[in-house]
Amino acid sequence: MNFPILSSLILLPSIGALFLFFTKSDKKNNFTGKYVALFTSAVNFFLSVYLWILFDPTTPDFQFVEERIWIKDLINYKVGVDGISILFILLTTFITPLCIISVNNSIKDRLSEFLIAVLIMESFMIGVFCSLDLVIFYLFFEAGLIPMFLIIGIWGGARRVYSAFKFFLYTLLGSVLMLVAIITIYWLNGTTDVVELYNSGIDIKYQNLLWLAFFSSFAVKTPMWPVHTWLPDAHVEAPTAGSVLLAAILLKMAGYGFIRFSLGLFPVASEIFTPLVYTLSVIAIIFTSLIALMQEDMKKLIAYSSVAHMGYVTLGIFTIQQQGIEGSIIQMISHGLVSAALFLCVGVVYDRMHSRLINTYGGIVSIIPKYSILFMLFTLAALGLPGTSGFVGEFLILMGAFKDNFLVAVIASLGVIIGAAYMLWLYKRVVFGKLINTDLKQMFDLNRSELFILSCLAVPTLFFGFYPDPLINTIEVSISDLIDQYNFKLASKT
Amino acid sequence: MENLQLVLPEIFLSLSIMFLLILGVFKKNSLRLVQSLSLAVLIVTAVITFNETIGVNETKLFNNSIIIDYLSSLMKIITLLAAFLVLTISSNYLKTFQIFKIEYPILILSSVLGMMVMINSNDLIVFYMGLELQSLALYVLATFDRDQIKSSEAGLKYFVLSALSSGLLLYGCSLIYGFTGSTNFDVIANQLNSNEYALTFGIVFILVGLAFKISAVPFHMWAPDVYEGSPTSVTLFFTMVPKIAALTVFIRFLYVPFLNLIDQWQMILIFLSIASMLFGAIAAIGQTNLKRLVAYSSIGHVGYALAGVAAGTNDGIQSSLIYITIYILMNLGLFSCLLMLKRDNKYYEKIDDLSGLSKNHPMLALSLLIILFSLAGIPPLAGFFAKFYVFKAVIEQSMYFLAIVGLLSTVVAAFYYLRLIKIMYFDEQKEKYDTDHGFWLKFSLTASTLLILIYFIFPSQLIEVVSRINII
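The listed protein sequences correspond, in order, to chains F and B. When you read off a place in the first sequence, starting at 1, and then add 14, the result is the number in the numbering used here. When you read off a place in the second sequence, starting at 1, and then add 20, the result is the number in the numbering used here.
No lab work stands behind these hints, which were simulated from the structure alone. All C-beta atoms in this analysis are idealised placements derived from N, C-alpha and C, irrespective of residue type, glycine included. Hints are supplied without guarantee of correctness; some may be wrong.
[Stated by the list, open to error] Pair ranges (Cβ atoms, derived):
(1) Glu216/B x Trp201/F: 45 to 53 Å
(2) Phe36/F x Asn380/B: 15 to 23 Å
(3) Thr37/F x Thr455/B: 17 to 25 Å
(4) Trp201/F x Leu212/B: 50 to 58 Å
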């Protein structure tokens, strides 16, 4: 048996959290605690890069598969990665250390508990992306609620209790139906092993209901219109690091789930429900973009833009075209980087001025130039300017959509324009204009750690914007295999 | 000559009770001695049960009126261990109120004896005898803090309502006896064919009585008042131990004599289960007293355990036994936390008293957090697996409605568990509580929390323990 690299990736952050738990948390140790957390997550990042190097992109099979008996005769612990999941693992391990660095400025109270929550969260998120058994997937998927609930509730803003409850109950409500579906699949096929289910297919009679049950969970988590309302609340109230985790990684679980389970397990139902997903995605793109235009609160604006961006993702996934799905995955990775950066940018000014309202700011370009440049970069990436990773994703999605459904593609393209409008307007109002609020003059520019975090996010945003090949190479084979399987199963009606 | 070895646990326990009673009466200041001896008796009885009966095949004694099999041995051991833990952690509480008397351990022992008889019963009369023995002890326990008006009220309420339900139960027994000519489960099973509809009446009455004992909706009305009024240590006993015995009887009674009438009673059980799950979840939301909240939450949990019984398969029975075991574990932890909310010889039991607990007592709050998330059924904690097994058994029987209602009510229930967590973690802190708790209290809290937390690493063990139960 080889070195269990995936299990190590899952376990390592938890071990770090355990270590933090047993170190006493006074003021001095908070400092060491932070380095422990940073060290753990950095090691995890390098481990996942190593995984990417070892990863063989020429085969659609699952790699690094580990299988152990877990509940006898019922469920096996099975993990593995293919081209689709490996990028999400990398994204997770990349974002988490940056989150941990960013807590310097924002979290004052109970720092070591916060770091424990973040590390445990990382464990669960990696678990979601590499589990190859439905029950294990559900386990990780749901378990993530606990740390996130605490992150929003303990370290959040004024209306944190309301937001934390809304987040928890919405997501739980969506997920319990998925649990019913998973048990039903077990009852129908006698297994919850994803690979076996891919091979055997699921009885066509049950596919529609099962698809809907999974959809209810993923739609809430994505979030799709009209069940997106928890997201703005959660984002606004969560501390910066929490918003980053939420936007960059948590939302991607659902997109990943759509590709892995909805398309992989229920092709017939997916075909039937594609119009539904298209409709909801298009509404999300147009409607939430319009809402974003009207926001006064910077975090809320970015939260609504997340909903719109995820609308592109779901649209791209259900085109069932090579470009569409590739675009969706790249869009998710790019959104992970860009939205994380945007939330951090809001966090930077919030830490200084303690206000997230757009009209507090204005004319800060001459006061904090470095910040303004980086903020500019991420604003442009968010609206999909060519040369940033945002462009690649959106472009591929729209290409896929044009192949599949002209009308939907045209409407979705309109969304790009509104997207540009609200992002640029936000930037204009915050950074340019007359300096009216004289308090702003006391703001200091990015400190070293902030500069480091934002540059770390800027590099891949630009790099993959100009040269997306490494990403596409990784996912290409897996996706074309997925689509072949999909069409084959659709043709043979299983 | 019957094989008396198989009923040795019961014989030993009853002789010990008599001996302890005499000891307590004749020897002055014998409280500590009686307490320690009672604990020893519980452990010895558990050991005897384990040694003598757990390995034997199904055996029936005394004109087939008593059955010894794996199910009964297992449930007796769980009962004894739960009673042991309750007794150990309650002494400090009772001392605070100066109601720690020799009667307390003896009453607990007698009710345990009653439960053991219930678990063993293969005959309506033996069953009724055990039930009454445990109930009588429980009435007195509920009023144990007799100078408190609430405690007396609790005991009286419990007594009156319980007597009513016992009456209904007896009426059901007499109907069944009238139509089948016997009180023995095996004979009844053979006489079933002729008078189905008449027998259904009997089953309904007996189910009412049983549902009352495990506080399933709509026979739950006593539970919140009694749980709130009784001393907390007694409430702990109420929420855990009698439920094991009652659930076992539920299973035995429905599956041995009346398996062929499953179509008749399955509907009733599904109703009881759905009503309990929904009502337990919704009614708990408005509570301000922790003990009342626990009462409603225990009503909800009974609903989940009954869902497993309603499935009508061995899988269902096993899942419901797993459920009740994990539930007991969680409840033990929950009450250990409650018993730690003590300041200046006063125990606090309002929900607001938890406010800011995480700052003053981080470890206590963390344990309670884990227990509450587990009660809410969030993975990867033990409570999730309990629900998972139950719903797996239910869905295998295509009872989707039950499964979906059950899972949706977990979402509602999650709300009030989250509310407690919110108060502990998000609200402002209050005064500190005492920290000088007894060893057993700390032990039971730590042990139950750890078991809940790491259950997901070894989920197979518990399944293996119950997988030998095949009574269909």
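Quick rundown of the hints versus the structure:
no. : hint                            : in the structure
1   : Glu216/B x Trp201/F: 45 to 53 Å : violated, 31 Å
2   : Phe36/F x Asn380/B: 15 to 23 Å  : holds, 20 Å
3   : Thr37/F x Thr455/B: 17 to 25 Å  : holds, 21 Å
4   : Trp201/F x Leu212/B: 50 to 58 Å : violated, 30 Å
Hints 1 and 4 from the list above are not met by this structure, while the remaining hints are.
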